[in-house]
Amino acid sequence: MAHTAIELNGISKSFGAVHANRNIDLKITAGTIHGIIGENGAGKSTLMSILYGFYQADRGRIQVGGKPVTINTPSAAIALGIGMVHQHFMLVENFTVLENVILGAEGEALLNTSIAKARSELERLERDYGLEVDPDAVIEDLSVGLQQRVEILKALYRGAEILILDEPTGVLTPAEADHLFRILRQLKDEGKTIILITHKLREIMAITDNVSVMRQGAMVATRKTSETTVEELAELMVGRRVLLSVEKGEAKPGGVMLSVKNLTVKDSRGVTMVDNVSLDVRAGEIVGIAGVAGNGQSQLLDAVSGVQKAVSGTVTLDGVPVALTGEADPADLRQRGMAHVPEDRHHVGLVLPFEENENAMLGYHRQAKYLNGPFLDIAAIRNDAREKIEKYDIRPADCRLKTANFSGGNQQKIVLAREMEQDPKVLIVGQPTRGVDVGAIEFIHKRLIDMRDQGKAVLLVSVELDEIRSLSDRILVMFAGRIVGERGPDASEAELGLLMAGVEEKEAAE
Amino acid sequence: MSAPYAKLPAWADYGLIPLINLAVAFLVAGLVVMLVGENPFRAAVILVDGALGRGQNIAYTLYYATSFIFTGLAVAVAFHCSLFNIGGEGQAYVGGLGVAVVCLAFDSILPWWLVFPLAVAGAAVFGAAWAFIPAYFQAKRGSHIVITTIMFNFIAASLMVYLLVNVLKPAGSQAPQTRTFVEGGHLPKLNWMLEALGLSVRSAPFNLSFLLALLAAFLVWVLIWRTRLGYEIRMRGFSPKAARYAGVSETKIIIIAMLISGALAGMMALNPVMGDQNRLQIDFVTGAGFVGIAVALMGRSHPAGIVPAAILFGMLYQGGAELAFEMPNISRDMIVIIQGLVILFAGALEHMFRPTLQAAIASLSPRSMGAEARQGEGG
Amino acid sequence: MDFFHTLILLLDSTVRLSVPLLLAALAGLYSERSGVFDIGLEGKMLAGAFAAGAAAAVTGSAWAGLGAAMLISIFLALVHGFASITHRGNQIVSGVAINFIAAGSTIILGQAWFRQGGRTPSLSAGGRFGAIELPFADAVRDVPILGEIYSELLSGHSLLVYAAFLLVPFTWWVLFRTRFGLRLRAVGENPAAVDTAGISVSWLRYRAVICTGILTGMAGSYLSLAQNAGFVKDMTAGRGFIALAALIFAKWKPVPVMFACLLFGFLDAFAIRVQGTPLPLIGQVPVQFMQALPYVLTVVLLAGFIGKAIPPRAGGVPYVKER
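Residue numbers (our numbering), protein chains in the order written: chain A, 1 to 510; chain B, 1 to 379; chain C, 1 to 323.
Simulated from the structure, these hints should not be mistaken for lab results. Think of the CB as a built atom: it goes at the ideal place given N, C-alpha and C, for glycine as much as any other residue. One should not assume that every hint holds.
Simulated crosslink set (DSSO-like; lysine-lysine; CA at most 30 Å straight-line) [stated by the list, open to error]: (1) A:425 with A:252; (2) C:233 with B:241; (3) B:169 with A:391; (4) A:224 with A:188; (5) A:402 with B:252; (6) A:369 with B:169; (7) C:253 with B:140; (8) B:241 with A:402; (9) A:200 with C:251; (10) B:241 with A:266; (11) A:309 with B:169; (12) A:248 with A:200; (13) A:261 with B:241; (14) B:252 with B:169; (15) B:252 with C:321; (16) A:261 with A:425; (17) C:321 with A:402; (18) A:200 with A:266; (19) A:369 with A:402; (20) A:391 with A:425; (21) C:233 with B:169; (22) A:67 with A:188; (23) A:369 with B:241; (24) A:200 with A:27; (25) A:117 with C:233.
Between beta-carbon pairs, the in silico distance windows are [what the hints assert, rightly or not]: (26) A:121 with C:170: 44 to 54 Å; (27) C:173 with A:61: 38 to 48 Å; (28) C:177 with A:72: 50 to 60 Å; (29) A:395 with B:215: 35 to 45 Å.
Generate coordinates for the entire structure from the input sequences, incorporating the hints supplied.
Here's what the structure looks like:
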């Protein structure tokens, strides 16, 4: 019988009024891959940061290898053989791979010997695990997959026996993810213990031995992976039967409202993020774009809504072309009937230190109804905000409250109210329910269907496949910056999954 | 990034914390007074008496405060756009050139009340012009505005010395300054206002630009909180990404905010150049541009805080002069120390007492917590 | 030979004038490379100069002066660290505050203690760092060119001059060949990487600002104990800001910092030399133009017209664990 690598008892952690972890117990068997699954905000990352000494628990005990331990700093965790690959890589971008690997584990005050030692150790790890990477390459020149490999090497170089990976596949292409899983299996065969944090059920089923489910800061269940099903895990994660479809009637598509032709977008480093994409959205339909995060969906939304410049291509809004390559002007697009609910409401869709009423007109603040000449019409602005609060049931119902003090769901409602109440022709929506509580999700989904039924053209991007499938009338799948397939709303998850993984259309159809 | 500090009720955030910070700054200043062998309490009494004791002193206090209101507002407007304009000193210096050019051209042909609006425009345009280049480089080329405005302070100093020595100095004169303006270049004094209150003022440079400063403070409040432009400035200040999303051009808003900031700094020159010395002379700004930083920080970038903060510093300048008279060990440079301490405690260390205070308030009345979030972050 | 002699003299004063810039710029390099911006170099240098002048006047020892200068500069650097590292305050604001505190208190304390209008008493030879004659400097003086370079340009400087130039390769070595340097550079680029590697971000940054304090103390000591015989009020006269400009101009790299400081020192020496005398071809160059040139060059560089100065990525941003 294998022994226990890690045991957590009664771990609790609060940030201000938010209980990130409540009274968590967890036991992880040595030499296994243990998955921890839960929705965004369920407290998975916080729990692992506590185990890694990055945060300190308010209460609770930790045992490693059967012995009670105190882990107050990452260095204490490292000394206990715990390594962590963070969701956002902890690499110094203008350092070489070697420099990153030895940082904090240099051994001696002078670098010459430690670098030489690290070089031979890296060669060994490369041989043993197939973790190939050029030790003298500078991090910012490496692909995301290789950067992740450096993170794993960092942990192994420090002698990690227990490896925590926080959402490791979120930024990987399917091929890179497969490679990662092969490496993880190999590490397991060498006797390492692996903790895999994810919100993707497919990954859990594919690779883990055991799985623990977290919901709203609490640990709700632990199962042997072989003895559970996707449906059970999904239900445990969400706390009730997952709504696989939202009630909606037949779509009655009208004329093309938004037309994108041959759009190409590059990021600041010149990497092509959107590659020659064409699509149409008709009045009265929801077109959903499915895909693994980081395959160009964000840039597509930003370019179409004028926030980011495009390299080439055309966009027409209700038959009138949109300037894309010059000075982007989201204000002009708004005036012409394009509303945009951005993916990142904290930094883009809202100004958190503003009062609620100031955010209720953000982007539409040039409209005559909010102004008296160059002056703000404060009374009109607040009345308008109060009406929206009432109509969208935003709580607390106080238009002078700082926006930062609203919950995630209510913040999202502030954005939706603002964009939907403009009576737009086209509505562009990114990740409408990210970090939003379950009650608000239903409300938001219903409002999106209402928009469709009122004859708006809705372009929806979400990394939640369930959301795409239940809302969309047509589904486009994006992979590596390109649209790789189109399916109806009845397409199976497996079929879409293959497309999202970059498997060619013909193969997927077979 | 949202503030890592939890919320305090508004009265503590805007009232108690600044007061505590100010008190600590003066406490440390008191230690310095003890270090030079003087009694800090006696020093404080002399200082307050020197600043407010007689009508004459009050007039001087308000004269200094006038300059600080302008420079404090200049720093504050830039703060709202999340820009640190450290170049108020240079902008005010060059603003003086604008005043001088107008006065030298029109002082013998127009009455003061016609020269005045032209001089205001001259000061504002020259000050704004000096802020324009750093603003343009920040907006278009991403060069750090703190560094460029510091550099522009030094460049302004060299430029003005060159102009005064080689261009503006009347022939045959030794001193590096312009000729003295005639009547049309003199702003009327406001000492009668104090006399109307029963105070006696023999002669003091307290002049019309004080009223202009108060008007500017009101207009800045209107601008920031009651106009579309101010809304867009604050939007850019809190979140550049949200501003881009809302269709606000970052380039444009940075440049406009800096032009307004530079214009306000430039208008400071009216007070000494047209209101007191009636000529342009070397180093007439004497640090007022930097005092503006302390004033804006203490006043939390709000005109209602800036005006009292400027008057407090006016008291320090005037009272400090009297103090130097009475206590030979303390020169007016004491004010520079206090200024530094205020900037340190009200600015860089503004959060030092927050956790303690928060715990104290939470234990006294748990329900008062959590309603208000912190506003405005300097820099 | 007259032109050559003039050139040697010009370069000699270039060296002398660039030393305080070099020490202050290297000081700033440690702090800024660790992610703590420091526009308070001027104030720390001024306080150091005062402390050096005062301590040397009282004890008669230049070394006591240097020690006092370092202590007071380290103290101010720690104040900056306390505000910007521990309390996550605005680093620019803190630097501005330190400049004012130093400017005011050096005058107030100087006047209270010595009563010479803000000066410290004139130092005798023992209280200063005198010129060091390199071996055989006199013997080779008459050898053409090389002899003059050796005896005039290289020999006859104070200890601090040699120390300053030795600090350039030393700083390079620390930065790129030691564990401390690796961590210092890392914390200025991505403090979270350092934190998760089990290293204290705060302690690392505190050590960096202490290095800054030591070096600004040396810079100040040079002004009052080597270049002059005592402290005069406001004697740094903006050198801290020129050093900052040199640091940016050199893109935060030690060897280029030296060349930038020599360039700015040369401009200064040249301005003093040609004051009032018209130059061939160009005619009379106003001295103010020469004075402003380092600042103008820095602005031009910052605007990206000659290369691009990219500061350490985490510079100026207090480190907060993400949540």
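Of all the hints numbered above, which does this structure not satisfy? Sort the numbers upward. 2, 3, 6, 9, 11, 14, 15, 25, 26 and 28
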